[in-house]
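Chemist: Under numbering that gives the first Met the number 0, the first residue of the sequence shown is numbered 0, with each subsequent residue one higher.
Wrong hints could be hidden among the right ones.
Pairs of lysine-lysine residues, derived as BS3-like cross-links and limited to a Cα-Cα distance of at most 27 Å, are as follows [unchecked claim]: (1) Lys159 - Lys3; (2) Lys61 - Lys165; (3) Lys61 - Lys105; (4) Lys61 - Lys3; (5) Lys159 - Lys61; (6) Lys61 - Lys13; (7) Lys165 - Lys105; (8) Lys3 - Lys165.
Hint data in this document are derived by calculation from the structure and do not stem from the laboratory.
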Amino acid sequence: MITKATNLVRILLKESVNAGDCVVDATCGNGLDTAILRSLVGETGRVISVDIQATALERARKRLPASVRNVHFVHACHSTLNQIVEGHPTPTVVVFNLGYLPGGDKTLITKPETTTEALSHALQIIALGGAVIMVVYRGHAGGEAEAFSVEQMISALDPKQFVVMKHQSLNVVGVPPYVLVIERRV
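Work out the full structure: start from the sequences and follow the hints.
Modeler: So, in structure tokens, the structure goes:
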């Protein structure tokens, strides 16, 4: 069932990622998406997993068997995505989870400036037919401003080049997260 934003992301990833693909988890967090991506790309693919917090990368590493060799962990800000992917195959999917590290310091958050820069890079580097999938959390300080910046940016994208979709719950109390999907057409 699709009852949570993260469930929808898993379905989208299963539909979008194939064995042998190169994919990017631009905000690694606890490594859930990294682990899913690794299972989808298989032994022949590659996952680039990025986070600004070393703690997040350590947590993500623990989710994977020690024998895994095709996950490349990068301790950096997602705003440097263009540099991070240099030398790697063209990514088919870039996934983001905005906000803060679950179970971590809630004052360390993704920010509008770095996220829009990272998103701009992601849109330039994804393969034709590839997608950027983003979970937007707004319930924390700074979350609404980041959501506004991201939506302002993607709503201006040329529809001949990108299809932009927003998936959100309409009857949940509070400020539920939602999913943005941007597919590259040309």
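Chemist: Indicate, hint by hint, whether the structure satisfies it.
Modeler: Now the hints, each set against the structure:
{"no.": "1", "hint": "Lys159 - Lys3", "in the structure": "30 Å, violated"}
{"no.": "2", "hint": "Lys61 - Lys165", "in the structure": "32 Å, violated"}
{"no.": "3", "hint": "Lys61 - Lys105", "in the structure": "22 Å, holds"}
{"no.": "4", "hint": "Lys61 - Lys3", "in the structure": "24 Å, holds"}
{"no.": "5", "hint": "Lys159 - Lys61", "in the structure": "41 Å, violated"}
{"no.": "6", "hint": "Lys61 - Lys13", "in the structure": "22 Å, holds"}
{"no.": "7", "hint": "Lys165 - Lys105", "in the structure": "25 Å, holds"}
{"no.": "8", "hint": "Lys3 - Lys165", "in the structure": "14 Å, holds"}
Hints 1, 2, 5 from the earlier list are contradicted by this structure; the remaining hints agree with it.
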